[in-house]
Every structure is written in structure tokens, then in C-alpha cells.
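Visitor: Here is what each chain is made of, one letter per residue.
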Amino acid sequence: MSYRSSTSSASLLGKETRRALSYLQQELREEKLSGWRVAKETLRLLRIVISSVSSSGLDKVEEAVRELGQELTRGYPRCFVAENMTRRVLKVIHEETSLDTSDPGRQLLGRSVKNVKAVKSNILEAINEIEDELDTVLPNITEQSLEHIHSNEVLLTFGYSQSVEEFLKSAAEKRHFEVIIAECELDYSGHRLAKSLSEENVDVTLISDAAVVALMSRVHKVIIGAQAIMADGSVLAASGTFMMAAAAKHYAVPLVICAGLHKLTPLFPHHPDNLYDMLSPCQVVQNPKVWNETWFRQLEMSCPRLDLIPSPYIRLLVTNSGGFSPSYVYRILNEFYDEIDTCLKYSS
Amino acid sequence: MSNEPFQNGYEQNVSSVFQKSVIELFERHLKAGSAYAPAAASVLTEVIKSSEEETIMGLEVQLKQAADAILKTAPMTAFVSLKASTELFLRFVIRTSLEFSDFEECKRRLIERGEYFKGRTEASRDKIAQVGERFIQDGSVILTHGNSRVVAAVFERAAKTKRFRVYVTESRPDGSGYSFAERLLSAGVSVTIILDSSVGFIMDQVDSVLVGAEGVAENGGIVNRIGSLQVALVASSYNKPVFVAVESYKFSRIYPLRQRDLPCSDKYKEPWHPLLPEVTVSKGIQFENPASDFTPPSLISLLFTDLGVLTPAAVSDELIRLYQ
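Chains as they are written, first to last, in UniProt numbering: chain A, 1 to 348; chain B, 1 to 324.
Hints in this document: simulated from the structure, not taken from any laboratory. Check the hints yourself; a few may be wrong.
Simulated restraints on C-beta separations [as the list claims (entries may be wrong)]:
(1) H94/A <-> K64/B: 39 to 47 angstroms
(2) P304/A <-> S186/B: 51 to 59 angstroms
(3) P304/A <-> D68/B: 42 to 50 angstroms
(4) E115/B <-> N334/A: 50 to 58 angstroms
Straight-line C-alpha distance at most 27 angstroms; calculated DSSO-like pairs for lysine-lysine [claimed, not checked]:
(5) K174/A <-> K195/A
(6) K162/B <-> K31/B
(7) K31/B <-> K91/A
(8) K249/A <-> K289/A
(9) K249/A <-> K31/B
(10) K169/A <-> K15/A
A virtual CB, placed ideally from N, CA and C, is assigned to each residue, including glycine.
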């Protein structure tokens, strides 16, 4: 099968799908959704795609899903969770189509229509299972909180993460501890977490990002969320977290990442295009009065959205499948994804 | 292959003639450009094909003799991978013999498997090049050590679509860095040769290190040309990633705890060649000439193999799968 661009008239995504896709991409751009919500929305989109593709052949289904995955890769800002869901569905498709044939070497083409319908419904059922798994992500993460948070501990966290919020709230029901929140100067999301936790009567201290290193020696653990877990166990997290990870390593403070496995991606962080997601410099200099000044226009400003925390800095990954060290990530990758889906391009 | 009848009284002579023909065939494969382990697999498959043995035991004995002959003639650098792949092959023979009670059927299956293994190992270099070239970016600077054909394949493939620079060490004592550099130059890569001792000096200008391996230990560490450990140590202290491009048949069940745990060649205490020109050495001066060293997994970032990209921790899982 030759490579085709998605703008060709032979695109497999129908109008309804495209509308839903552009809506999702808009929501992603405004960053209103948590990773978990993105996963759910992507699965919903994938369900639409699979049901709407005509039943002439199963290869069309796989192609349509790949095309959708391609579109999601090009979305801005880049959302790894959406791509991961696509890869999981592709793995399901591979499994279903190979199980269906009695002879594993048979081609996908030339299949009877009756089989297509059965395989399609199996795929949709498997997507439902993935969605049920997503529903258990937060409960599974929070039930591990008492193992890691003990009484009278001082914890440090960065910005806002839904997993971390639930993790801390669940521990706060039984234990008393103090949380220091670095506000995350990019979007001040730390304020949101501070408000939410103080409503649960947790001792909260809000600090600026710069104070993180100064306070690190007095902290027992650092707990943060992640945008993506890479294939070698390193993590992409909010901009500013690497500074925290480096300080934690220096003071031998354990760094714990709370993230669901829908964030696990089979990509390695050695390619710059995965990482250099830049935001508008107006978030660095927020005073609109200077924007039209000539001296301002000559400045070069970079505002990266994410930081890469390499795996040696991370002590533990707390996920819905339990807690494990970053070197264990490769095992779970093989369970979730097929190797050929790592690059979501058209393939024969 | 020896077609002489297997006579009891002349077992010694026959086996040495047999071994000689095995060695001859092995060297013929190597001359044709094959890597060591695939050549060994081809030779062992040939032994099975032309064997006149009628029992599995006899076949196993013959294969063991052939494997010993190969290991005797192979250079030290290939010892680890050859030992690993011949051992794997022999284990497979034993396992298949337990599955099939009929000798002819078993023999046919073994030949089939031998051919499949040969085909797979020949394709592995391309797969590794495909996987590894994604880690070379436009404008990057890469340091390499030793003369690995797999690494050359990765660079050649990347050079088709990207522009990058490579620092090649001399790789003494055999100076194979020069022929490696020539090969890269003809592929259109910008190449610079440096002394083995300049690695520390050059390391901060380098983006990553890419080396091959003669063998991969159970913990994910590698056995490679002497000097690799130094390169990896310097790279780690400068926080540069160390990548290893290696075929999966080089995964071995060795677990070296110290450098001395590696197999030692007989020429270990002899001076290397070429010694610097116009240097004469007095008798009292001693030499130590190790051919390979062991790089522990903590210094290695990723391994590019035909099974995909692996972290050192993942190697032991793959080994278990291979040996099952």
C-alpha cells in the first residue's frame, strides 16, 4: 500500500468524524481536558470511525484508524494520550484480525462480509474494555496512597495534576501531612490544587517555582503528575519539573510520579520533535504594553511547554497497574502496544 | 564436508579431518562477507545436511566437534557471540529431538530451522539500521569506537536522509578505525579520526556515542573492542547517551563480575602489532594486551537490536525468551 496524504479525496474519515476530531483538537488547544478525559474522548472518536467505515474490508478499518492517529499526532499542542489510545486500538485490531483467520498467513483482503461484522463488533467490545480500564485508573492510583504517604510527612508537588490531587486527598482522609505546592509560573495551576486541598483540611503551603531548591532539603518526598511516560522510563512533565527533579536528586529526596498507563507511550525521548513543544512567548512576558516595543520584537523568547525528566531521576512510577521503577516500563509496553504502531504512518 | 566412513579405530584422525573441513567451510563463509555467528549457523546446518549419522546422539557428537573446531579457530573478538550462538543451536537440536521421535523428520526440521536462522541473522543488520537511524538527527555529532559492520550499516542508512558528523577512534592495536572511516566517507558521511586517548577531550562536543558489541551479557552490559569501557565512562560523566547496535544472536548467558571474567586469549601477555615503528623493547618489559572489555549496563542508554529498541533491563527478559 503506498503512502497517501490525508488531504486526498480518498480520505477515510467521514464528515461527522472530522467534525468531532476538530472539536477535540480545539479542546486540546485550550487545554481544558485532563489526560484521562482526552483518552475517553479519543476512544469515543475511534468508535465513531470504526463503526462508520464501510464493511467492505478490514484493512480499511485499520487504515482509517491510522489516519486518525496521524491527524492526532499533528495536533497542537501534541497530546500523547490521544496517540496512545489509537495505538491500543490498532493492537486490538491486529489481534482480532489474526485470531479470526484459521491460517495466520492469510491476507486481510478477500475476507467475507459476515466475518467483517463479527470482527468489528469484537473490536468495539475491546474498546469498551479499554474504557472500563480507564475508569479504574484514578481509583487504582489512589488506593496506593497510604503505602507512600505517612503521618507528619512533608510532600512537595508542582502545579496541578488530577492524579496527584486525588492521591493526596485519599491519603488525607487517614493521615495528617503537609503539602508544599510550587505554583507553576506558566499557568499558576498550583493555586487550583492549593484551593482544592485546603478545602480537605490539608496543610498547604504555596511557593514560587524558584523556592523549590531552597526548600528541598526539608521535604520527604516529591510527588508530581506527568504528561507522558516514555519508553525508557523517563517522563515528560510540566515545564519546571526538571529543576525540581535535579534538586531532589541532589538532596536524595525520592521523586514519585503519579500517572495512569494511558500516558505510557512507546516513543523514546531522544527525538527533539517529541519535546520541543513551544508555547506563545506572551506567556513569558505577560505585560501587553511591551509587546509593540521595537526592543521587544528583537528578543528571542522560548517558552517550552514540557520538561523531560530522565529515568535516573525517578524513583517510582505509581500507576493503575501498581507501583514500579522506570526500568520496568518496557514490560508493560509490550502488553499494550505492537511495535509496528510506534510510527503512526500508513504502512502496507 | 568429510564423506569418509566413520571407523572406530580411526576416530581421532577422522575427527581431525572432519574438523579441518568444518574450519575450511567456516572460513569460506567468512570470506564471502558473512558475520561470525551466521557463518557458524550455516556450517552447523551443512554438517547436519551431509551427516551420515543415524542417531541423534551421533549427530550431537558431530555437531559438538564442529562447534569446538569453529571456536578454536575464531578470533577472540568473536568468541562470546560464537559460543552463545553455537550453544543455542545445540540446545535447539536437543529440544527438537525430544519433539520428533522419527530421526529423518527431526533432521529435516533441524535443517529447516538452520536455514531460517541464517536468513533471519542476515536480515537483522537491515532491521537494526532501520531502528537505529531514527536516533541520529540532522546536524548531530556522533562518536564511535571499534569497527562494527552493524554500526556502519546504521550510519550508511542515516546518511541517505540526514547530514551529521562522526568521530572515529583509531581503535588500536589493529587500527581498524581507518578502514571504518573510509567506509563512512564513501557513504557520504563527514568523518574525523581521533586518537583513542582524545576521547575525553572531544566528548563535550559530541551528542551521542554509538558502538557495536561482540556480545551482550545477561544484565544488559556489553563485551566490545578494548577501549569501549573508557569511552562509555567518559560519555557517562558528560551525560551523553551511549547507544549499542547489536544483533540479538549475540545475547549470551555470561555474567561477568570483573573485567578478568571475560575469556582471555593466549596472546594476552604478548605485545600487540603493529608496535610503534622503530621501537625496540627490552626483554624485561612486560605487556598486557586484552582484546575486549566489559561495559556495565549502568553506562548504556539503549540497545538497538533486530528485536527492537531495548533498555539494558529488557535484555534478560529477551534472553529468557530465546533460551526457552
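Visitor: Can you confirm whether the C-alpha distance between K249/A and K31/B stays at or below 27 angstroms?
Guide: violated, 52 angstroms
Visitor: Tell me if the beta carbons of P304/A and D68/B are separated by a distance inside 42 to 50 angstroms.
Guide: violated, 59 angstroms
Visitor: Go ahead and decide if the range 51 to 59 angstroms is satisfied by the Cβ distance of P304/A to S186/B.
Guide: violated, 40 angstroms
Visitor: So if I understand the rule, the pair passes when the alpha-carbon distance is 27 angstroms or less; does K31/B with K91/A pass?
Guide: Given pair K31/B, K91/A is violated - Cα atoms ~43 angstroms apart, limit 27 angstroms.
Visitor: Are the Cα positions of K174/A and K195/A separated by 27 angstroms at most?
Guide: Roughly 20 angstroms separates the two Cα atoms, so the pair holds.
Visitor: Run the distance test for K169/A versus K15/A: straight-line Cα separation, threshold 27 angstroms.
Guide: Answer violated: K169/A to K15/A is near 43 angstroms, above 27 angstroms.
Visitor: Does 50 to 58 angstroms hold as the CB distance between E115/B and N334/A, or does it fail?
Guide: Hint violated: Cβ distance 28 angstroms, outside 50 to 58 angstroms.
Visitor: Decide if the proposed pair is consistent with the structure: K162/B and K31/B, CA atoms, cutoff 27 angstroms inclusive.
Guide: With a Cα-Cα distance of about 32 angstroms, the restraint between K162/B and K31/B is violated, given a limit of 27 angstroms.
Visitor: Please work out if K249/A and K289/A have their alpha carbons no farther apart than 27 angstroms.
Guide: With a Cα-Cα distance of about 40 angstroms, the restraint between K249/A and K289/A is violated, given a limit of 27 angstroms.
Visitor: Note whether the CB distance of H94/A and K64/B lies within 39 to 47 angstroms or breaks it.
Guide: Since H94/A and K64/B have Cβ atoms about 41 angstroms apart, the given range 39 to 47 angstroms holds.
The structure fails to meet hints 2, 3, 4, 6, 7, 8, 9 and 10 from the earlier list, while all remaining hints are met.
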